[in-house]
Each structure stands twice: as structure tokens, then as C-alpha cells.
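4 protein chains.
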Amino acid sequence: MLVVMEVKATDQMVARVCVLIESMGLTAHPIPGAQRTVVGVTGNKSKIDADKVLAQEGVKEIIHVTSPYRLVSRECRPEDTVIDIGGLRIGDRNCVVIAGPCAVESRDQAMAVAEHVAKAGVRVFRGGAFKPRTSPYSFQGLGEEGLTILGEIRKEFGLLVATEALDTESLDKVAEYADIIQIGARNMQNFSLLKKAGKLKKPVLLKRGMSATLEEFLMAAEYILAEGNPDVILCERGVRISADSARTTLDLSAIPFVKQTSHLPIIADPSHGTGRRDFVIPLSRASVAVGADGLLVEVHHDPANALSDGAQALTLEMFSGLMEQIKTIAKVVGRTC
Amino acid sequence: MLVVMEVKATDQMVARVCVLIESMGLTAHPIPGAQRTVVGVTGNKSKIDADKVLAQEGVKEIIHVTSPYRLVSRECRPEDTVIDIGGLRIGDRNCVVIAGPCAVESRDQAMAVAEHVAKAGVRVFRGGAFKPRTSPYSFQGLGEEGLTILGEIRKEFGLLVATEALDTESLDKVAEYADIIQIGARNMQNFSLLKKAGKLKKPVLLKRGMSATLEEFLMAAEYILAEGNPDVILCERGVRISADSARTTLDLSAIPFVKQTSHLPIIADPSHGTGRRDFVIPLSRASVAVGADGLLVEVHHDPANALSDGAQALTLEMFSGLMEQIKTIAKVVGRTC
Amino acid sequence: MLVVMEVKATDQMVARVCVLIESMGLTAHPIPGAQRTVVGVTGNKSKIDADKVLAQEGVKEIIHVTSPYRLVSRECRPEDTVIDIGGLRIGDRNCVVIAGPCAVESRDQAMAVAEHVAKAGVRVFRGGAFKPRTSPYSFQGLGEEGLTILGEIRKEFGLLVATEALDTESLDKVAEYADIIQIGARNMQNFSLLKKAGKLKKPVLLKRGMSATLEEFLMAAEYILAEGNPDVILCERGVRISADSARTTLDLSAIPFVKQTSHLPIIADPSHGTGRRDFVIPLSRASVAVGADGLLVEVHHDPANALSDGAQALTLEMFSGLMEQIKTIAKVVGRTC
Amino acid sequence: MLVVMEVKATDQMVARVCVLIESMGLTAHPIPGAQRTVVGVTGNKSKIDADKVLAQEGVKEIIHVTSPYRLVSRECRPEDTVIDIGGLRIGDRNCVVIAGPCAVESRDQAMAVAEHVAKAGVRVFRGGAFKPRTSPYSFQGLGEEGLTILGEIRKEFGLLVATEALDTESLDKVAEYADIIQIGARNMQNFSLLKKAGKLKKPVLLKRGMSATLEEFLMAAEYILAEGNPDVILCERGVRISADSARTTLDLSAIPFVKQTSHLPIIADPSHGTGRRDFVIPLSRASVAVGADGLLVEVHHDPANALSDGAQALTLEMFSGLMEQIKTIAKVVGRTC
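Chains as they are written, first to last, in numbering that gives the first Met the number 0: chain A, 0 to 336; chain B, 0 to 336; chain C, 0 to 336; chain D, 0 to 336.
Errors might be hidden in some of the hints.
No copy labels: a pair is met if it fits in one copy or bridges any two.
Pairs of lysine-lysine, DSS-like flavour, derived with a Cα cap of 25 Å [said to hold, decoys possible]:
1. 194 / 172
2. 200 / 172
3. 258 / 201
4. 258 / 326
5. 258 / 200
6. 172 / 198
7. 194 / 258
8. 258 / 7
9. 258 / 59
10. 59 / 154
11. 201 / 172
12. 51 / 200
For the record, the hints were derived by calculation from the structure and aren't laboratory data. Since this is a predicted model, take the numbers as computed values, not measurements.
Start from the sequences, fold in the hints, and give me the full structure.
Written out as C-alpha cells, the structure is:
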């Protein structure tokens, strides 16, 4: 950590900061410059209270040289985390496609989509039973009935199931039915939910908030690991910019950043990341090409009658075409699909 | 609502969209243009399923002419909502200052700040018992002990108390002690929490998410009103931009926008909105000048030893100075402070 | 065009707007809704003065249904623009790689890089003679000397040359030496420069501004086409978000958006788009996978001694590796490289 | 400056970085930490080539402790710059209102507005002769004819005149007529224009780019000062966020930031900053309250017939009302208006 003093900070202020740092069991290294003094701090960083240092008189800013990540960082664990769910290995050299409708709307709809994606080679089915919606008047999902349908799909097609938990109340219920528990972008900093998910023994798929920095994203995952659950799959789903091409912009540079900084697997969600069916296929190809460990894709057998996000769902035909395309690209980056 | 067809949409596609709209009990008004056709939709908009229309073949986009707000909109309720809490009227012609430390750290600390702000004329004390923190290793608040201290402050100084509820589990407990229940920026779209807060009989202070559009902000308030709680105080606390002056940028144009669009009161939080003590006073003045119904300000008797956000807390002296300045500005905009 | 009236707009105000629209030679179609009236406008949109309509009493907003693009739009020209420069076809089924150092630093440096990229199969060399720099104290390029070196490279290696014109003064000089004239992101709305470039007979490579919407980007190209120069190559080079992974985020959804909306070719610049050498290769792969017509890549024979942007330049070895990888991906999207 | 090494950087890499730093005539202070080494750099920073250091093997990032500003910084010049234009002092204790139409549309229009604002106490008239427009088909200004009209206004009403120079070609012509030369947001990093403006003997009003960081903004001003022109008036005019309240968000925290970091005066432009007439007055009040040295406001005698930006222009009556309101607020911050 580096403590940057203000230009007008007196020697006394610098001295007080050094005393404070040493009182925390750390070592202070003042470096007086032409304009200002910087104090380098070495020692066990976990002991430091940066807020307190920042609040001292004469301190301009604190620069964190050591990253704030612990358990999620590659420095803590150099090898990739591979999550094995019934033989499916996420984070390994394969590229996992998780596909299904935005929401489970009915038994018939879910079955129709599941049957198709299973045939196309998909191993994990997605579908929301509890839906986060901007408006209280929009379809909020089938709730527990949706979970039951997902349970049937798991049995019928031998598919693994990923579905979202919206709150701490429904988390246990969701965990009963799901193989992968999704935490959505709007809940990325719902710390109570993260902590409770950290106590489960099931993999968690954590989506990046729409304006979250990558540091905040990894720190949200840290909450889950810190509670004892090492199986977190990160998911880039688009960030807000001021451009007009789509609802959000898929930040594909997040993928190599996370692969470098953390040992956790990261997948991409081009459906939410673009919001437009005709952009999902090119961005899916790009996600695999950039090195994602997998994709989360919305597919619907009848998008024109979907109850939510129909405009971004692929038709079954489009989805089959996508699977062909990404297989070849996966090979270029040394993966199978 | 307006349905914009693609340039290449056929007459049949337009006809199908019109049939769908009419089947929802609405009226379709196709307007063929030189390039493309637009279909105007009139009738009771609450019946429309926009997602479904958008998913039809040949539809380029949906334009909402009628705003999605119902209960929060000024069109629904032309007069200002005034929330009366024990005689203190929020949203009326006064400008309410809610002040106190970021977190309740100890009985002594909270009492010291409370005594000072009460003397300076403040009627509502703020202080977090449960703290949302980016890192799981940061101070997470005193929890229930903090609530007990807030209870003492309420008795001792006759102050009203505002404090944050982090999740649905602790909401009832918080509601027991608080006069105003705060829902933080990171939870602005925690819909389960919003719904549960909507069932309470206590005023809710809802903070805008750091990258939330104003429409999303008002729709989050709509969740609370839709459940039966009309007493929502909105709070602008800064949005993310790519500038470097501060952690976030206080979006003061949100204040006149909300006053025009909604009947709900809106206050500003220049402490989180700037993150820097030396910017809090000028931005507080600006917030009052722009027409905010109040301020949420962090004050600490000893910022250098604060356990969280000490860098943005005003000292007691600075706070007293601020109160003087805003009184005069409040007069210019026809308010008392 | 649609004119959305305010809820409180009177019938008289609506009538006045209709009269104004008709006076412009257009047809007004008022659609009275439950809450408000919308006026559809049909006819030759080029005659309309939207600012004037917007300024009328009772008008809430103008919604443009017809896009503002004319010459750049695919509606104007359905087939792809293919730019032929000495036999090299940009915008066709090949994927063009433009490579070279950020700046021409010396004859030796430029020659060393040029020799290598030519061997790797590159047909267009890039290198800045005039450099836009945030600080007036940074290296500003060799100027005309740099142009002369580029001229030698063109002769020596048979490479085409792309280089930036910073202002209207130097534009003619640059055009003398360059086969492709680059206009940088900071100049995307330097309308005087765009107009003058529109009078040239040479292809223009136009970079998207770092916070420009795609509409603004295409309208900037429209300035060039409107002056008579049809040969514009668009370039996505990253947009600003609040994330921390890199200096900017390459907005790859811009590629399918532009391919759909316009007939102009669009390439990607992963070097500026990421700012980090180790991210350039994965993002280059992603750019090709998403359907870009080419890449603009910074390469340096000795990045550690580069005078500008050394941190984002690929070494010669890395560049050769990149060329191999993208060849295979290009095939998947039906291109050659 | 601080050089942060990668975690995996070897001792040799650190040593090489230190040698490089020393070779530039600076002193290197390596601080080995638990995770990584940081090298502090002291000495005359103007000698350093940060790009070169960043490009060394093993270097993760460069952290600039010393700000990059020289001439614009308050450290260079502690007292406020006060620009005296014919007795009007900008940057002093008064709050200067610059008012007039977006564009000079005709002699009659300009005269009508000028007469009114002069009566309301304004000393500087604004009006564009050359207009930067997103579309090549929008009104581009009257050009030189507009300048002539501005010249008449100056004589007739004794008003000073501020108008925009769009490019280096027209700069001299503009300088002939204008007392204050405006450089617009889109040209903030048009370095050729900045350099040429730096050679003039007239004050320059430099607007912040819509997504420019404050560092980039001040560095753009540095270009002007570095060429010998010390008279720069900065202007905050709104930044892009993803919110929907208005076209841009006026970033009022930029004002105290600039006042603290630089000695240059800074004013606010609530007309472009909000884009909506009904928001201009509240945001003008806020701008004065936050400590701006002045305002740039668009006023039109007949906004419904304005040729550009009529929707954001105040009517004459609204403008007179505004002048009253800000006088009182100016007093609170110790200024006259």
C-alpha cells in the first residue's frame, strides 16, 4: 500500500501517518519527493485499516499495490479451479454451453426447449423460476412450480439445471432443485445473499453487475469463497456505456482479465449482453474466441410468444447453427465444446 | 406505445402485429411512412405485453410514449407527497437535513455525534448498524447492538432515526428501531427487499443505484408503493462516470427530473456522492439550490478514527458551518431549513 | 418522425404543431391516447426541422423513427462497400490486417517492423508521423520526416501505408504519402477535418470516439460521404466505461450493428481498445470471430524502447503467432486472412 | 512516480527497471513487499519517459503521484488567475453570466436577444457563427456573416462577445471579432487548435469533452498555456452517463475539483449540460452555489423558432428571473453577480 501525502502536508503530518502505520504492526517507508511525500507500507496487509489512514490530516490518497482479493486470486491459488458437476468439468479445457429459455413459462415450453438443446449436445439447462423484473407489473416467474418443472427436466433428459435465486428466503428451495445456483447482476452486491450462498455445497454462477468494476466483481465472489464455498463460476453479461447499439455492451476484455487475476472459471452471456437475437451468434463466437470457459445462451422454441425477453432468445434452428460455429472456434483456442 | 417496424417488414408482418395488438384489447393505428411503418397503439396500456410485441417478426423496436410509472407518477397524483414523521414533514416546504456517522461504531461515538447534530438543529439522525461493504474483510457494522444504540439516541435526544436494512431477514428488526428505513444503492433492485419494505408502515429512504437510470429508480419505488406503502423518500447519491474527480458524480439534474415526473420527495447525499469531505459542503449547497427536499450528510466527531468512510465525513465544526450556509440558500428556493 | 406531446398539452397546442408540420410540406397524423397525444409525421423527412418542432409549447419529445443516416445507411446502398486499394479489397470476404508501430520513431525502427510484418503476410503498414497526445510534453511524432520514412517503406516493401492526419493543415501532406488516411478518435467530431477529408480521393480510416454513440459515429462518416468521398473504413477502438480492466473496453457489438446498419467496412483496433499487450491477442481473435473486416494492430520490434504506447505493442513473435490464430477463425466466419 | 512490478517479476527485472530510471537522471527507491516490489522514483519528473518504463518486462503499472499538470496547476501558481477583459474580471469574486442564443441566426434575432440580456445586466454576449453539428445536414451557422453581426452587437450595446472557433482556419477570423474565443467540447482534444489558440493574445473559453476526465480537461488547457496564452476559462458542460434524465449530466463536482487543483477560472453551462429549458434554472442556481466563477446560458427571444437547440434556450422572461435568483445565491458564496 502507498500513502500519498498532499503537497502541503507538513513533516509532522507525515510522521503521524508513519506512527499510525507502525501501530498497526506494519512498516512505513517514507519517500520524500520534489512535490510531495509518499509513504510505502510493507508487512501483512490484512491488518491495515485503509479508511483510517485515508482519514488522517494531510493524506491525499491511498494506492493499493497489493490487490484486495485473497481467496479468489491466482496468487493465492495458481492452478485453475475446475468445478466437477456429475462429471461435467467447468473451467477445464472444454467450453460449456448452458442453454434454455429466459423463464420457465410452462411444462410444455420448458420440455420443448430442453429436448432440443439436449439433442444439440447441451449438458446444462437454464430457465428462471424466480425472475427479477424492472417493473412490478411484469411476469415474475412461476416460482416453486417452475422449480418442479426444472426437476422434471433434470430427470427426463439427464440435464443439469441452472436457475436463479432471487433472495435469501428462496435460496434453500432453489438449491434443492438446481445443480448451479445463479445470482443475478442486480444482486451482485446483495451481500446477505452472497454470504448465504457461500454456506451452500453447490456451485454458484455469479453475474457481474451492469456497472460493476472487475474488482467489485471479484470481491463479490470473495464473499462466497470466504464463507467456505469454493465453486464459483463468474459470468460477464454486459456493462452500461452511453452507446446505442444494444442495451448493454459485452465487456469481453473482462475474460482475459479474470483468467489472469483469478483461478475461477468465467463464462459469457451474450443474450443479456446484447439484448438482440441477431447479435447473440456473433458475440457468442467472440466470447469463445476470447477464451471464455463457456456460454449462457437463451433459447426458445417460440420466441414470438415468450413471456420475457423474447427479443433476445435464439430460435432452436439458430441455436443448432451456433453450436456448429463455436465448435470450430473452440479448437483454435485449444478447447473442446 | 409505438411499434416501429423494420424497413424490410412486409405488409403481412404489419398486419400480424396489428392483429396481436387488437387481440390484447387495444387499438392499432398503422402509419405507413416513406421508409418504414409505425404502428401507434392506444387503449389501456396496462394490458399490453410489450415483450411479446417486440418478439414478432419484422418489429424493430417498441417506443413507450406513456411512462411505465403508475403509482409514483405525478400524473397519478399531481400534488406532492408529504411524509409526516412525528411532526417532521418531508417533501413540504422545509429542507430536511439527516445527519450522523456512516456507521454506529460505539455508544460513545454515536452519542457524541448525535448531541452535536441535535444542537445544530438536526431532527433526524443517521447511522448504519448493518453496513454493505465491497470487501468481506471490512467492518460490517455492529448489527443489533448498533440498533440498540440508535434506540437510546432516539430517547435521549428526541431525534428521529434513519438506518439501513440490508436484507429481508433483518428488515423487521430494523423497522422496530428506525423511523426511516434506508435501502442502499446496491439493493435498489433487490426486488424481494423492496416488496417486503412495501408491506411495512414505515417511511422508506430509497437510494438510487450507481448506474441506475431514473426510470429504473422510479420503478424501484413503484415496487414499494405497489405493495401498499406510499411513504418513499428518494435519494440521489451519485452515479458512475469515467471522470476522475471523485468516486461518483452527484447527478443533480435527477432532482428536477424527479420533482417533475413524480410526487415523491427526493433528497441528495453529497457525502457518498463525492466521497471527499472537502467537496461535501459545496455540493450540499448545490443540492439545496437545485431544489432537493433535504440532505443526507455524514458527520463524525473524529473522522481520523472512523471505522468506515472517514474521508468523506464532515467534522462537527464543518457541519455547523454547512447548516448556516444552506439556510440562506433554502430561502432563495422558497424553503426553510 | 413522431412528436410526443406532454400530458398537459391542450388541443390547441396539438393543432399548432400539426399546422407547423404541414407548413413544412409534410403530413401530420395525430393519435390521441389515454394519457397524451402523439403526432406521426410522414413525407420527405429531409425537409423537417426537428429542433423547431421540439421547441413548440406542449411538445415533450421527438422520436426519430427514420434513422438520420443517408449515404452511409444500408437502406441507401444495400450491397457492401468494397474499397480497392491497389488490388487489396477492404470490406470483401478477406480480413485485412493493418500492422505497425504506434509511431514512426526512426528509419531503423520503422524498417525493422515493416520488414517483419510484410513477411508475416501483412499488406498495409501503419505508423504515426503526427501523434495526438494528452500531454503537450509527450513525444508528438516526427512529423514530415515520419512521412518520408513511410514513403520509403512503401517503396522498399511494396506495403500500403496508413497514417493519421491530425488537422486540416497537414491533411494534404499526409494524403501525399498515405494510401489510407486515419482520423483519430479525438477528432471523430472535428467536422472541419471530416469535410476536408471528404474532398480527397483517398480512403479514410475513421475511428470511433471514446464515448461516441454508434449514431454519432455513423453521422461522422456521413460528413465524409456527403462531401463526395465514398471510401470510409470505420474502426472500433474501445469505449469508456467505469470498469477497471483496461483503459477502454472494445465494444464488439458495434461490429454487427454497423454491418447491419451501414454498407461501410468496419475493422477493430484491439491495441488501443485494451491498452495491454497481453489482451491484444484474445481480443483480436474475438474481433475476427464477431465479423470485423479487419484489424489494426500495434507491433514493435523492441516494445521496451518504444517512444509511445510500448505497453500495448505486440512483439514480432507475438504478432506472427496472432496471424496464425486468426487465419483459422477467419475461416469459421467465411473469410480469408 | 511509482513503478509497480508484477508479482512474478524477478529481482533481475527490478534491477533493470532501477538502472533505466537512474539512466534518466532520477533516483530509484525499490520497496520489496510481501507480494510484489514497488519502485519509488524521485527527482525531476519532467525527464521521465513513463511509457518506456511501462514497457519493461515485469512492470505491472505506473502510478503517477505527482500530477501531470504544470502551468495549469495551483502548485505552480497558488493564486487565482483573474482574466481582465476591458474591466470585466473573470475568476475574481464576481460571478460572470455569459448569455445569448445558441447560434446567431440573423441580425434581428441577435439584436433582440442582445438588447434584453444587456438590460438584465449581462456583460458578455454569446452566439455561434460557426456551429458544430452531429449531422452534416443541420444548420451550420452563418459563418463570417455571423461574426459581422457579433461585431455590430459589440459596438451597439457595449457588450463583450464570446463565440466559437471550430478549426484552425477560421481561428484568426474569429479572434478578430471575439473578446473570448470558445473551443467546444468536441474539440477539447483537437490539439492543433489548442496549440494555435495558445499563440493568440485573447482569452480562450475551453469546454470539457463529454467523456473527458478532469485530468484530460486540465491537460487540454495545459496545451494552451504551454504556447504562451495564460488566459483560459474552463467550462463544465455535462458528461455522459447511462441515465436518462437529460442528454448529459452536469458534473458539478468538477467545479470544486478544478478550483482546488488549478488556478484557472471555471464556469458552468447548464444549457448544454441539461438540454432542457426547464432544468436550466435549477442547475444554474446549483452551479453558482457550488462555486462556479460564472455561467454560460442560452437565451432566445423566440425559442419556438430557433434554428438550433431551441428546446434548451430560456425565454427572455425566464432569463430575467434567473438573474434575480442567482444574485442572492452568489452572496451566500461571497460573490457578486
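Verification of the hints:
{"no.": "1", "hint": "194 / 172", "result": "both (16 Å within a copy, 19 Å between copies)"}
{"no.": "2", "hint": "200 / 172", "result": "within (14 Å within a copy, 29 Å between copies)"}
{"no.": "3", "hint": "258 / 201", "result": "within (22 Å within a copy, 42 Å between copies)"}
{"no.": "4", "hint": "258 / 326", "result": "both (21 Å within a copy, 24 Å between copies)"}
{"no.": "5", "hint": "258 / 200", "result": "within (24 Å within a copy, 46 Å between copies)"}
{"no.": "6", "hint": "172 / 198", "result": "both (14 Å within a copy, 23 Å between copies)"}
{"no.": "7", "hint": "194 / 258", "result": "within (24 Å within a copy, 37 Å between copies)"}
{"no.": "8", "hint": "258 / 7", "result": "between (42 Å within a copy, 16 Å between copies)"}
{"no.": "9", "hint": "258 / 59", "result": "between (33 Å within a copy, 16 Å between copies)"}
{"no.": "10", "hint": "59 / 154", "result": "neither (60 Å within a copy, 39 Å between copies)"}
{"no.": "11", "hint": "201 / 172", "result": "within (12 Å within a copy, 30 Å between copies)"}
{"no.": "12", "hint": "51 / 200", "result": "neither (36 Å within a copy, 38 Å between copies)"}
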